[in-house]
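There are 2 protein chains.
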Amino acid sequence: MDADIITIGDEILIGQIVDTNSAWMAQRLNDEGINIRQITSISDQPEHISGTLYESASKVAVVLVTGGLGPTKDDRTKKAVCSFFETHLIENLTVLDHIRQILSPRGIPINSLNRDQALVPETATILHNKLGTAPGLWFNHKGTIFVFMPGVPFEMKYLMDHEVIPRLRKLFNTPTIIHRTILTYGLGESTLAEKIEYWEDNLPGSISLAYLPSPQSVRLRLTARGENKNFLLKSLDQKIQELQEIIPSYIFGYDDETMAGNIGSILCDRGMTLAVAESCTGGYLAHIITLNPGSSKYFKGGIIAYSNEVKINILGVESNCISDRGAVSKEVVESMAEGVRGIMNTDYGIATSGIAGPDGGTTDKPVGTVWIAIAGPDHTISGVYSFANNRERNIIRSSQTALNMLRLELLKK
Amino acid sequence: MDADIITIGDEILIGQIVDTNSAWMAQRLNDEGINIRQITSISDQPEHISGTLYESASKVAVVLVTGGLGPTKDDRTKKAVCSFFETHLIENLTVLDHIRQILSPRGIPINSLNRDQALVPETATILHNKLGTAPGLWFNHKGTIFVFMPGVPFEMKYLMDHEVIPRLRKLFNTPTIIHRTILTYGLGESTLAEKIEYWEDNLPGSISLAYLPSPQSVRLRLTARGENKNFLLKSLDQKIQELQEIIPSYIFGYDDETMAGNIGSILCDRGMTLAVAESCTGGYLAHIITLNPGSSKYFKGGIIAYSNEVKINILGVESNCISDRGAVSKEVVESMAEGVRGIMNTDYGIATSGIAGPDGGTTDKPVGTVWIAIAGPDHTISGVYSFANNRERNIIRSSQTALNMLRLELLKK
Numbered sequence: 000m001d002a003d004i005i006t007i008g009d010e011i012l013i014g015q016i017v018d019t020n021s022a023w024m025a026q027r028l029n030d031e032g033i034n035i036r037q038i039t040s041i042s043d044q045p046e047h048i049s050g051t052l053y054e055s056a057s058k059v060a061v062v063l064v065t066g067g068l069g070p071t072k073d074d075r076t077k078k079a080v081c082s083f084f085e086t087h088l089i090e091n092l093t094v095l096d097h098i099r100q101i102l103s104p105r106g107i108p109i110n111s112l113n114r115d116q117a118l119v120p121e122t123a124t125i126l127h128n129k130l131g132t133a134p135g136l137w138f139n140h141k142g143t144i145f146v147f148m149p150g151v152p153f154e155m156k157y158l159m160d161h162e163v164i165p166r167l168r169k170l171f172n173t174p175t176i177i178h179r180t181i182l183t184y185g186l187g188e189s190t191l192a193e194k195i196e197y198w199e200d201n202l203p204g205s206i207s208l209a210y211l212p213s214p215q216s217v218r219l220r221l222t223a224r225g226e227n228k229n230f231l232l233k234s235l236d237q238k239i240q241e242l243q244e245i246i247p248s249y250i251f252g253y254d255d256e257t258m259a260g261n262i263g264s265i266l267c268d269r270g271m272t273l274a275v276a277e278s279c280t281g282g283y284l285a286h287i288i289t290l291n292p293g294s295s296k297y298f299k300g301g302i303i304a305y306s307n308e309v310k311i312n313i314l315g316v317e318s319n320c321i322s323d324r325g326a327v328s329k330e331v332v333e334s335m336a337e338g339v340r341g342i343m344n345t346d347y348g349i350a351t352s353g354i355a356g357p358d359g360g361t362t363d364k365p366v367g368t369v370w371i372a373i374a375g376p377d378h379t380i381s382g383v384y385s386f387a388n389n390r391e392r393n394i395i396r397s398s399q400t401a402l403n404m405l406r407l408e409l410l411k412k
Numbered sequence: 000m001d002a003d004i005i006t007i008g009d010e011i012l013i014g015q016i017v018d019t020n021s022a023w024m025a026q027r028l029n030d031e032g033i034n035i036r037q038i039t040s041i042s043d044q045p046e047h048i049s050g051t052l053y054e055s056a057s058k059v060a061v062v063l064v065t066g067g068l069g070p071t072k073d074d075r076t077k078k079a080v081c082s083f084f085e086t087h088l089i090e091n092l093t094v095l096d097h098i099r100q101i102l103s104p105r106g107i108p109i110n111s112l113n114r115d116q117a118l119v120p121e122t123a124t125i126l127h128n129k130l131g132t133a134p135g136l137w138f139n140h141k142g143t144i145f146v147f148m149p150g151v152p153f154e155m156k157y158l159m160d161h162e163v164i165p166r167l168r169k170l171f172n173t174p175t176i177i178h179r180t181i182l183t184y185g186l187g188e189s190t191l192a193e194k195i196e197y198w199e200d201n202l203p204g205s206i207s208l209a210y211l212p213s214p215q216s217v218r219l220r221l222t223a224r225g226e227n228k229n230f231l232l233k234s235l236d237q238k239i240q241e242l243q244e245i246i247p248s249y250i251f252g253y254d255d256e257t258m259a260g261n262i263g264s265i266l267c268d269r270g271m272t273l274a275v276a277e278s279c280t281g282g283y284l285a286h287i288i289t290l291n292p293g294s295s296k297y298f299k300g301g302i303i304a305y306s307n308e309v310k311i312n313i314l315g316v317e318s319n320c321i322s323d324r325g326a327v328s329k330e331v332v333e334s335m336a337e338g339v340r341g342i343m344n345t346d347y348g349i350a351t352s353g354i355a356g357p358d359g360g361t362t363d364k365p366v367g368t369v370w371i372a373i374a375g376p377d378h379t380i381s382g383v384y385s386f387a388n389n390r391e392r393n394i395i396r397s398s399q400t401a402l403n404m405l406r407l408e409l410l411k412k
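As they're listed, the protein sequences go chains A and B. Residue numbers are given in numbering that gives the first Met the number 0: position 141 of the first sequence equals residue 140, and the series is strictly consecutive. Residue numbers are given in numbering that gives the first Met the number 0: position 244 of the second sequence equals residue 243, and the series is strictly consecutive.
Keep in mind that the hints were calculated from the coordinates and are not lab data. We treat Cβ as the ideally placed atom computed from N, Cα and C, and that holds for glycine. A few of these clues could be false.
Per label pair, the in silico range of CB-to-CB distance [said to hold, decoys possible]: (1) A:Arg-324 with B:Pro-45: 52 to 60 Å; (2) A:Thr-124 with B:Ile-16: 41 to 49 Å; (3) A:Pro-292 with B:Ile-16: 22 to 30 Å; (4) A:Asp-268 with B:Glu-46: 47 to 55 Å; (5) A:His-127 with B:Lys-411: 33 to 41 Å; (6) A:Thr-124 with B:Tyr-253: 46 to 54 Å; (7) A:Lys-141 with B:Asp-96: 52 to 60 Å; (8) A:Arg-269 with B:Pro-357: 19 to 27 Å; (9) A:Leu-202 with B:Ile-176: 48 to 56 Å; (10) B:Ala-192 with A:Ser-111: 18 to 26 Å; (11) A:Glu-121 with B:Gln-44: 49 to 57 Å.
Using the sequences and the hints, build the whole thing.
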């Protein structure tokens, strides 16, 4: 079954706010087996509203609308709504009472703008908005369901969870849709596509695949649709198992997991600890590690060794090693990793040293050249990478690659 | 003049990603005096694509499309585009050459999927995408401009800034619009609004004001519209000067400046240096400092002192100071700031220690409690803050507040 999402209001069209409501609603509806055909953001001009409602009604079974119901501007939306549904506004005493109950403890006297919020289209079913003054409106109009909700995210979410989703469930017998996302690192989108081409070509008709690339990873999203939930789960599991055999070491997690989080779980399980010594990544590597709640269990800390002075005096890198080999070298980065592992007394030490840009590149070591080392209980490994020309992306990719090197090292055990 | 934005791809419709591109584009186009009529997110089904393009063409002068141009199989956009514009794909050797240049330094051999990216609609003007393999496409079709860009944010932004906006400027004679953004920190949106109410009420009709709050700052965007550029510039300058007198110490910069960048300029000018000691911010403070190119001139490095062991052994905090006062205390954070200033031999040291959450809060020190200290040549200052319940936001706000404390300290001289 298909649905459309429409957001009304200027804030999104002038780029003042990012529309996070639609993604949230889309995900919730997908979980219910309802497919989103289109998301549309429009202004609150009456002709634009009615034109968009009319268009959606001809294409989908459910139309969900947010915005345009606040206390200051709702006049235009409500009038457009009334004219579209060929009805008129009446005062709803339950809503008025609720508005009074919300405002009086805050010591706010009810004014004419608040009073107007109790005016609702006569043919609408009122959805009680426990968290705000604007009620939700539900119409069953010529075979299409229309739902209007306020644009305030927590009010919309409350109405979706408590009023809209339960009603949609009752009304429609929706198919099951299950998503699984496989997180990969180390292969570009097209190389990955080539490697798994045979597997992809042999996906059953009930499962579709999408590639979602980012600097952090290439995510593979599998979507299974059908009637039998157990069967779909089984097919998904089987295809994921097959994929694990094709690209075992490139998969670092599933769904909402992160590389740093998964490394954290492994370290926690083994009772092991980690420290970092960062030059070119300048604190970002420690940041993505410490973004995880509970990281203090395995992450002791780090040294941001931006100047050579810090590399020498705190990490114990030999000064002639830097002058002979350069700060961006195998020898220096390995010495940094071993140094931080030693002084922080951890099982593993990660170090980065590179040229993030835009300046500092040479013919030998152009911008984007990054050395990464992992010092562990048994040995130290290192590698050199060539990233791109953009400072921020170099920092992100260096940090993610460093974590991936540690992950592969941990998997060896 | 009106424009539509269309995003193609399933990621947004299933709610897997939030559409941040559209808000960014809307803002940029608004800056050019182009009004966004509608933002539409659709799937990559050919009929849906052509139907949406057709609909937009009848309503606006410019249609900007993102997404659906990646190298893998899930992209059916190009075929739909060819059929809509009644053209066909041809191989573009400039694009092919560029793809080779992008992939070869990374050691990635060109495969058939990459090769396909050099296939472009014959009637399109190719927009060179310096940062990626998928070029932008520009059509002037029956009086409407259509632009197709990849959905990867930094590639889209590059194309918008370097190819699309300059062409739109040449093509359309839009009124003069000048934006100036004033960056403030330290006042909430409503307190700020109250403080500058008289100033705001006396803005001339040619200048409008928007509040853009974020965890980093409250930005005030002034937009001047009119025919006479010099007159607009003069009015803007005058109003900004007035504002500087009303809220002098709350303004930390203008337009694209950042707090960390401005602090860097001051330190550079004075030949002074900086180091950080981070507990709860876990590397993020160093990260926003080192995001600035050239930060190595004044930033020597930092210690991420996540464990107390590191606070004691490396920063030299007294262990009974931690046991008596707790790691989140005035005494410990001041000792951390002085410690890192000493061992890194810098003019200033910043330190943070707090409870980022979600765990670790107590009745005395709930989640969001953060101590920040600045150690300088003359003295050490510190302060305690109560932020919110969200780990990531606490990290961002603590780091920004720490920088602001240093900024105010530097301004005293």
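I'd like to know which numbered hints this structure contradicts. Please list them from smallest to largest. 2, 5 and 11
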